[in-house]
Structure formats: C-alpha cells, structure tokens
Amino acid sequence: MVAQQKKSAGSGSSRGAISKRKSAARTDRDGDVSMGALSASRGGGISKGGKSRGTTRAGAAAEKGGARSAAPRINGERAQREIAKHITSGGALRKRPASADDVPEEIRVTGWKNSKAANNDDGGLHSLIVWIEKKATTKHRSSNKQVKVKKSRVEGDDLIISVPKSDVPAVLRTNGWVFAGTNIKVERASAQDLTAPAPGSTTQSTIAMLQGVLARRYNAETKLLDLSALGADPDLKASAIFDSRSTTSKFFPAMMKVLDNQFESTHAKNEAIVSVSLANNELPNITAVTTLAQTLPHIKNLDLSNNAFANLAAIEAWRRKFRTLDLLVLSPNPLEQNEPDYAEKVVNWYPKLRILNNIQVRSDEDLAKPLHNTDLPFPIRAPVFQDEGQIAENFLRNFFAGYDSDRAAVAQHFYDASSDFSLAVNTQALKDPAHPATVQPQEWDLYIKRSRNLKKIQQLPARQARLYRGSQAIAEAWAMLPVTRHPDLATEARKWNIECQLMPGIPDPTGASPGGVDGFIITVHGEFNEIDVPTNNVTKTRSFDRVFTLGPGGPSGVRVVNDMLTIRGYGGFQAFEPDEPSIQQPVADVAAPAVGMPPGLTPELAEQMVLELQKQTGMIIGYATDCLDQVQWDFDRALQTFNSVRANLPPEAFVVVAT
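Just add 2 to the spot in the sequence shown (first one is 1) and you have my numbering.
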C-alpha cells in the first residue's frame, strides 16, 4: 500500500534538487515528440531576457496559492567554473585512437525486432551482435581479421553498434541479409547522427552548440541537469533541430553522446550528475529519450512531470533501469487518470524508490531491510553441511586456494580422464543494488565463448564442444579464463554459502561396484575478483555458483566426477545470512520421520543418532533411519535389531567403499 505521508522532494541536499511542476501538456502534429516551447507563465518557458528557466523548485509542499521559488541561476562565474570541470571540453580528457583505421564509427541496424530471436530474454541483442561479427568476419578471410563490435546501445527500434573504421565496409555488406528469419537493414549511423565524427564546420558547430546547451542547463551546486522544455531553448530553436521529425528523433541521442564524451571516466560522470529533469517536453513516450538510461544509469532523482504519458506502457522501457532511483516525479501526466493503481506498480519497479510525486512511499527502515525478506514466504535457513571425516571441507579449502594460484596442478590432482567441467554465463541475474557497476563492452567475452548455457545454446554440436572432459581439457579451458582471487574461507566466511550432502550411486571408476559408490554433492555460492596480473589490481567483482560431484579416487582419495560453474554479475551476499541463527538443519531424509519421534527428541538429536548408527553399522542413511524409527528411537535397541537382521539385509543397505 502506498503511504499518503507527504515529504519534501528537496530533502537531503546530497540527492540533488528536483521537484514536480504543473504545466499543460501539448502534442505536436505528428503525435510524436515535439519538445515544444511552453508559456513562461506555466513554468517551462523563456523569460523576457531570453534565458532558460529551470523547472524545479526548492519547496515541494508549498501552500495553495503560494509563490513558487525560482530555480537557481547557473550563469554566475562560480557556476561556470564548476561546470567547466565536468561539462565543457576544456575540463575533460578524451581518448584518441592510435590510428585512422582504429577510429570507431557507428552503424545503425534496424528490422531485428521482427526476428525470431526477439523472443529471447534480451530481445535478441546478443544473438544479433554475434551474428553481425560472424558474417562480417567472412569478408576479411584473406587477412584472417576478426570483426568485433566495440560498443552497442539501443535507440527505440534501432541498434547502434560501434566498430573500427576499417571494419565498416564488411559490416555494411550484411545489409539486407536474413537474421533469424527476417531481413535487417544495416547503414551508417552518421547519415542521421548529429554528432558524427566526419570533419566539417557544420558538425563541429553542432557539437559546440550542444555543449553550450548542456553547460547552461547544469547546476553544479545541486548536481542537476535540467533538460526541461527543450523545445523552448533559444539555441536549439535557432539551430532548427526541431523543424523536421528526422532531426528531432536523433537530437537527444546526439546530446547524450556529447555529454558522455566530456567525462574522462564513468565515475566522474556519476558523481557530477545526480538529478535529471525532463519535465515539460510533451513526450508521449520515452522512445526519443531512452538513451538517458544508458548514459546516466545511476541518477537518484528524475522529473518526468508535464509530459503526455497516457499509461505506464509509455515508460515501461525504463522499468528495470535506474536501480538507485530515490525520487521520481510523474505528476501531472494523463496516466494518473487512466491507471489509478499506477503508483503501486511504479514502486515495485524501483527497489530503492523512496519518494513518488512528493509522497513518501518507502521509509528509511524499509530500505534498510535485506531484499530477501520482502517476497519470500519462508525464512532463510542456515546451509546444510553433511561431511564425513572432513573430506568435503578439506577438498574445498584446497580446491579454491589452488584454483587461484595453480589451476593446472588442481586439474591434475582432483580430475581424471572421465571428469566433466562446464561453464555457463548468466548476464541477466539480479545485481546487488548497493554496489552498482557499469557494464563494460565485451566484458563477458572470455566467458561467453565457452559458455554452455543450455537456454542459449540449442545446437547439439555446440553443446558438446562446450563440455570439457578429462583433466587436460579442463586445465586448458581454465587457462583461458581470467585470473581470480576468491575470499578467504577462514576470515571471510560470510561471503560464502556452501552446502554438502551425501550422494549414493556415484560411478565407480574401478568397475568393482556396478551400482555405484557413495560420494558427495557440494553446492557453492560466492564471489571472486578478477585480477590484472601485471599490477595485481582488482578489475571486476563477480558472483558465481558452482556444483561439485565428488567420488572416491585420485591421489588424495577424492576425485571430481562433475563440475558445473555459473558466473553472473555481482549480486552481493546478503541472501546468505539466515534470518535467525539456528542449529544446522538436517537433510530431508533424516528429518522425515520426525512425526513418529517420541516427545523430547529434537530433530538435531535424531540426526546425530542416525549418523552414529550409520557409522557403527555401515548402513546408508535411509536404512539407519528406518531402523531407529522401528524401535521408537531407542539407540541400544536399534543396534540389537540390526545385529539380528544383518544377514538378511540386501547389499544396497550398506555404504559401498571403493577398493
């Protein structure tokens, strides 16, 4: 339920100043983005002096009829000095390509949303990029050159990719080819891009004009980028950008590109811009401004008031964006009347949202609660670790320490000719909202080339090629992965979640036991750092899941039968913490007979009795449990019963030990 307690949108200067503004919306002749000029008396227009007015105000709870406070001026000398540090070209360092052939050029790809791959989890983006790289590479057979997409982004129904200038002709030859059942169009983006790098005074003057617009609309004190009422901006009106529908649709991506190019790092950009206002732009949807989410994904405050959003579908493309959003202004917009329950849906879209339309929708206490407590119908329990003789524990300690230092030795020590290893990549897993990280281009390349994600890999030959069998093949596959450093199991145990259970029926490598032998199945959830070897610095932190199936054998008495590794973006370790400290829970088949246990016998004590009876008799857990249950959990009577019927028990009642 959305709380009705009002709270000032400007509270907390660290979040940046932003609030809603009431103004009438207007639609252009095409029914598309007009960003037209609005009356100055409505709060989004131009003053008599011709200077742009901000659309935000300091007080969000002013009384009816009260005067609105003016937006802070950004034309003073002090403000200009601050702006120069972040926005103007004089305050940023640009990276220059090493040669003319390495100059990146953007290519526009359209029509791919009609393909069969559009039903994939990512809308077919990954499949399309891989397809383009593969098809374009065939044009470089004589030089064995691999075409690689350096960057990519989505603008509405278009995919914009960046490739070196020398690869552009090969990529353009894929124009009209069939991708996943549909013809795609591939063309130079510079033909429609206002910031294309082609030389010429017109292009340079356009970039300079956009830099000036950004500088005038940035408030360094509040860290606010005011992009409201863009259609009324004097510089933009003078450039005639909004005179045609074509240039209007390309204007905002061009502005975001100019903005992005002025910062020497992503961190500097995120620190400089905390709040953004897109109020009073008459937007029917966010198609024209969707690149804001790619350029400024970590903003905390966003003003979308006084637009023409008829329903939530108009802004749904930002549903999983802006994961750190603290304040959102959507009022006034037509969706308030068309979807009365829109507020509850929006709150669910953004897990960190605290203020919606100047109304507090989450308390600070709610935001402080662990995310895993919100939706789960059952409490988080401590992991089960069922070991014998510290076999599993010693394996884990030796394995991860060796994997970080000498993978080849680990492969030879724990794996044999019949051991299997597979790797899967999950790029769509939920990230830790407390540790936002920008995804870098091609950061998953080393993993995806070897990923056996069965949801993505459908062809049998490809699946077989990504299953590594034998210690030599496994060591070679590991050698191609980034160098890692896992947290220390002794000093950073809270970053791990490890479960271990006995598992019967493990294949016997000696062939002496056709029915298999007893082993372990170990499930590990944790994290690791990728390390830059020359500097020994951490380059990336990722989360992983790893499942080992262990059996007897090998130099140490333990061999890995199967090893499945899943790598995902960093998701934190909050979910590992149990809701209440408790004694380790018994496995299912031990706890099952709890209904028939006598009063006073706890599940924990019952588990210990089962393990002790198993140790003294050699029976598997199921038979030991049945034996105790038949004598009402009297341990001495259970031993007597076992001795009397031992000769009649079948072979499968006993733990098989490989010889």
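If you're looking for bench data, these hints aren't it; they were derived computationally from the structure. Be aware that a few hints might be false.
List of simulated lysine-lysine pairs, DSSO-like, C-alpha gap at most 30 Å [as the list claims (entries may be wrong)]:
(1) Lys187 x Lys354
(2) Lys115 x Lys239
(3) Lys152 x Lys187
(4) Lys323 x Lys347
Distance windows between CB atoms, simulated [to be verified]:
(5) Arg639 x Gln576: 29 to 35 Å
(6) Asn396 x Lys457: 33 to 39 Å
(7) Asp389 x Gln576: 24 to 30 Å
(8) Ser207 x Val485: 43 to 49 Å
(9) Ala419 x Ala467: 17 to 23 Å
Note that the structure is predicted; figures quoted are calculated from it, not measured. Here a beta-carbon is modelled for each residue, glycine too, at the ideal position from N, C-alpha and C.
Structure-based check of all given hints:
no. : hint                        : verdict
1   : Lys187 x Lys354             : violated, 39 Å
2   : Lys115 x Lys239             : violated, 34 Å
3   : Lys152 x Lys187             : holds, 19 Å
4   : Lys323 x Lys347             : holds, 14 Å
5   : Arg639 x Gln576: 29 to 35 Å : violated, 47 Å
6   : Asn396 x Lys457: 33 to 39 Å : holds, 35 Å
7   : Asp389 x Gln576: 24 to 30 Å : holds, 26 Å
8   : Ser207 x Val485: 43 to 49 Å : holds, 48 Å
9   : Ala419 x Ala467: 17 to 23 Å : holds, 18 Å
In summary, the structure is inconsistent with hints 1, 2, 5 from the numbered list given earlier, while agreeing with the others.
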